[in-house]
Amino acid sequence: MSDTEATSGFEQESVAGETESAATSEPETRFGQPVTYSPGRSGRGSGKDVLSGRGSGKDVRSGRGNGKRVQQVLHPSRDELVDLVRTLRDNEGFRVCVDVTAVDYLVYEAPRDLPPGVEPERFEVVVGLLSHETRERLRLRVQVPAGDPTCPSLFDVHPGTEAPEREVYDMYGIEFTGHPDLTRILMPEDWDGFPLRKDHPVGAIPVQFKGVQNAR
Amino acid sequence: MTTLPTDATARTYEGPQELAPRKGAGAAELMREVGSVLRMSEAEVAAMADADPSEDQTMILNMGPQHPSTHGVLRLMLELEGETVLRSKPVIGYLHTGMEKTGETLTYLQGPTNVTRMDYASPLFNELVFSLATETLLGIDEDIPARAQWIRMLLCELNRMSSHLLFLATNGLDLGAVSMMLFGWREREETLRLLEMITGLRMNHNYIRPGGVAADLPDGWRDGVLRVLDLCAPRLDEYDELLTGQPIYRARLQGVGVITADEAMALGATGPILRSTGVPWDLRKDMPYLFYDQVEFAAVVGSYGDAFDRYAIRLNEVRESMAIVRQVLDALPPGDYRIQDRKVTPPPRARIDESMEALIHHFKIFTEGFKVPEGEVYCAVESPRGELGCYMVSDGSAVPYRMHIRGPSFVNVQALPHMLRGGLIADAVAVISSVDPIMGEVDR
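Chains A and B are the protein sequences, given in the same order. Numbering of the first sequence is given in our numbering, commencing with residue 3 and proceeding in unit increments. Numbering of the second sequence is given in our numbering, commencing with residue 50 and proceeding in unit increments.
Be aware that a few hints might be false.
Between beta-carbon pairs, the in silico distance windows are [said to hold, decoys possible]:
1) Gly195/A with Leu381/B: 43 to 51 Å
2) Arg235/B with Leu108/A: 48 to 56 Å
3) Ile409/B with Pro122/A: 34 to 42 Å
4) Lys392/B with Leu108/A: 25 to 33 Å
5) Lys392/B with Pro122/A: 23 to 31 Å
6) Arg235/B with Pro122/A: 51 to 59 Å
7) Leu108/A with Thr146/B: 43 to 51 Å
8) Ala92/B with Ala148/A: 47 to 55 Å
Listed next, the in silico DSSO-like pairs over lysine-lysine satisfying Cα-Cα at most 27 Å (straight line) [claimed, not checked]:
9) Lys150/B with Lys420/B
10) Lys413/B with Lys392/B
11) Lys392/B with Lys150/B
12) Lys150/B with Lys413/B
13) Lys334/B with Lys200/A
14) Lys200/A with Lys150/B
Source of the hints: derived by calculation from the structure; they are not laboratory data. Yeah, the Cβ is synthetic: ideal placement off N, Cα and C, and Gly gets one too.
Only chain B is shown next, with the shape it has when bound in the complex (with noise of 0.2 Å):
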């Protein structure tokens, strides 16, 4: 085990994690940053690291995990030579409360809200993976009603409207457009308030749950989500009127922190990195689930890979989002939210006390839950930050044996200290930005 310091200043100490100095580090550090990730020799990556200045014209600079721009308990160690990003590295797990090791104490019914506070800016998705996942493995996948497959779709697609609005928000104010922050975030209040109507909370629902979602549409949502749909249409239009075409905002993004599509494939990254850099790769088209295949929208796709196309790709997929609730709203066939299978399903409230069997099938589910057949499933679903994964193992009983979150966050993460390599320290937090990390879910 390492030897850690212990005055105080050093408290926050993460030993190895922390960004190598140069003498110690050297060339294999580049490597592992920059080398592998373009495929490039170790001789040419020993070249670049003799192109680098020396340890004393360099200075590593700490940036977090208190830093606003930062977007939570991101920590970024920076060495800087002047004002350029030379390496750097993420340093993560401030907010890590152990969710994967908690997920296997609670029941496939307590899980969603388990997994609902990993990525809070787009809960919905969260339960939506635990769920299919837990689906597949029952085999009830095919069973669950129409209803409640076009209501998640609702909602899904309601909450990337609210994820990518937070992200307009914050990334105005990152780059100091501030009247941004404060329309983006009056927009996203729109769209939580008509999620609290549909499912109770403004964030956190536990709405969507297997077998379906845990209460039918309200009345009066459908008023509620026209006038929400009505509200943002024109409003975005402002946002490209205040942003997309504003000449220091484009200066502020356009070729920074720039990616290429080999690039961001080898690093893993999805979503709207990956699309940014012209790879038409979305999970709602090319992997459709839900009922996905049988609404019509596009996948918006960037060229340059830069944080500008980051930028744009988001505000286009709130309108491509929109399209898509429009469609739901024609399409929603009446039915049943939830499968009407006893085993899987809380009886209603009315049937325990005429229902000896009702009852039995309640304290059940409430109390050991149900058993699930063993077995292991990978199932993927695209939240508003790339492909968000739940892979599952049941061993048969009525909590799962194991169970891992692959958030996008935390795979996208790794990729900074590749856009940041040779940029100015003014557009690190340009590019912390574009990435959009939700911290919740890169710890877990």
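Only chain A is shown next, with the shape it has when bound in the complex (with noise of 0.2 Å):
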């Protein structure tokens, strides 16, 4: 928890600052895991900063300038994630997974925003963790293979993962393993294809209905 100490508030968002122009130096990591930043409210009085924030005269086109209110991202492995997320809740005080939801980089333009040492893949699992006690939100973003589309489940550790993890199943076909119930949950039973892919096509495909007989 020390390190946790040391890295929070108003000194992490320094250190962010800091990264930004030593890109150079060696990756940044917390609980063991390399950390990026992202635009956008962290916790910690962030609402405080709206008024004291403006016309601070920073760049803030760039989307990073805001250095007050960023948003940790880790990026952990497949098999690190249970024990990661384990830790956290037991340790560090994410009670609460908010979220699980992913991505599918097939056609993403832009580089990918990962840090050294993350190999980008295609799918993305993403995780929020909230900790009601120090009032911080925590992202994990996990790289999964579009060759092995599997990542484990969480459901042993935030049971409320169970429905959010099924939807992810549902839209891109990542199985989570361990999950108690991997079942479609928003498309019919007998829908072909994971319709959030990026190369399931939109307006092109059939329409599917079941248990007509006679089509027309």
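With the hints as a guide, dock the two chains, each given alone in a separate frame, to form the complex.
Quick look at the structure:
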């Protein structure tokens, strides 16, 4: 927990600014994981900054200048995911798993925003964690290769991930190993393909109805 | 792929999405439903499964999707022993329209028209969270004019009132208090009329947009708001008289659908469900956005985690919202209602006739939209139902690469089996109602 204290709050925000300028320095880590920062509202005292930060003369266009409200992102591998989430829950206060979702980076044009050492893959499972004690959010981005779209399930740690993981399976075909009931949740049971994948066409698919005896 | 039966009676068959019969599922299904949440061992769950009656003493009953009190097209499969609910499973997806996929083809300016249709009882919150995410990616979230932010707060709190009034109405209806349905609908209509006056539409407003709001407040808005506030205050007291103290109503709700704080957090439940267990977690207070740190209000907290607490929380949140609206009336500063950044904000109509640049910006914004720097962001607001989040990934083009909405109803619905277990089937309606799911947001 000691390194959490040291890197949390305002100190860590200045760290974020420094990494920005000195990109060649060795990768920053937190909880033993490479960490990156996204623009946006982190937890602590974020609302206060809305007024004081205005007109500070920072380059707001870059989307990264607002150092006081960065979002922390960790990049664990698939094998580390469950242990990391369990440690975060038991020792660091991240007791709520808010969200599990995924992104298909198949046709992503821009360079991927990943720290050194993290190999970009087609799919990315995104887990949102929340700590009520420190009022902090933490996001985990897990790379999932297209050839083996599986990811360990967080169900044992956070039972509330049951429905979101089913949704990710339904939409992306990423199988969560250890999930107790991995079935489609939003799409019909006999649907072909995974709709939110980037190679699942929009508008060009035959309308799928089930149980129609003599389709016109 | 699963082979589906072809006869006409099986057209709603959803295969393994449905509740499995006990002999097929047994302790595994029970483990999923109860054991994992309560952190029971497999042996304990097996003992629990043994204590349950065998299959020939239970029946599986299908409730919904066409059932008036399942609030839309929620379908619950209940395993009953007599009148007691044992296992249950929500089957959802009947309203799925692929809005996240649609969102990947709409520009950031068109996006709010899409997301506003998700949670149709509180559309302004969807627009707000979408706009916040877009603005954060653009890096202009600190430059949104104060007036726009206060207007957003005003509209959101009015919307929270109308959403909770709708809950009070349907909660009354579900429990047989039909007069409450009429009263709740009447007051909701007043707030909707006000929203219509300000935004032009009763629902699906598309009023909060990236960069600010669509238009300034119209003439006479202050009188309209004051009228609604003055009208609602005594009527909330009437609801108190009608329902809160009424013995039948209390007997139907107290001790029904109980959930503890640990269970609620394990299941990811937010909003009134989490607060009913005594956890004072309200994003407006704990991770403030807009100017919520500058207004005085209370996070309403329950203590028993039952359906009555959730009713009382929502009733009193209407009062807190009214208090916030009054403070916004005092604090609303003059100024711009949207950011004056020509790359993001369409130019005023009159300028197009005089300025070539205005014409170009107008054309660019409405044909290809504005480009958003690449990156990924998660923003969350406190909707009437809990944490409404938006995860947005941009690849630098004019449409989101990925737009994911974390709907509070979607996550809250999975707490239903836990709350229903051991209760009576007559109470199931009360429990569903107290979760207040909006299926448009569950299925998206």
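Hint-by-hint comparison with the structure:
1. Roughly 50 Å separates the CB atoms of Gly195/A and Leu381/B, a value that falls within the hinted 43 to 51 Å.
2. In this structure the hint that Arg235/B and Leu108/A lie 48 to 56 Å apart at CB holds, the actual value being about 51 Å.
3. The hint said 34 to 42 Å for the Cβ distance between Ile409/B and Pro122/A, and at roughly 37 Å that hint holds.
4. Distance hint for Lys392/B and Leu108/A: a CB-CB separation of about 29 Å, consistent with the stated range 25 to 33 Å.
5. One distance hint, 23 to 31 Å for the beta-carbon pair Lys392/B and Pro122/A, holds here, with the actual separation near 30 Å.
6. Between Arg235/B and Pro122/A the CB atoms are about 56 Å apart, so this pair conforms to the stated range of 51 to 59 Å.
7. The given range of 43 to 51 Å is broken by Leu108/A and Thr146/B, whose C-beta atoms sit roughly 23 Å from each other.
8. Taking 47 to 55 Å as the suggested C-beta distance range, the pair Ala92/B and Ala148/A does not conform, at roughly 40 Å.
9. Proximity of Lys150/B to Lys420/B is assessed by CA-CA distance (about 19 Å); at most 27 Å being required, the pair is judged to hold.
10. This hinted pair checks out: Lys413/B and Lys392/B have alpha carbons roughly 9 Å apart, not beyond 27 Å.
11. Distance hint between Lys392/B and Lys150/B is fulfilled; the C-alpha atoms sit about 26 Å from each other, no more than 27 Å.
12. Taking the CA atoms of Lys150/B and Lys413/B, the gap is near 24 Å; set against the 27 Å cutoff, the hint holds.
13. Taking the CA atoms of Lys334/B and Lys200/A, the gap is about 38 Å. The hint is violated against a cut of 27 Å.
14. A C-alpha spacing of about 9 Å is found between Lys200/A and Lys150/B, which places the hinted pair at or below 27 Å, so the restraint holds.
The structure shown violates the earlier hints numbered 7, 8 and 13.
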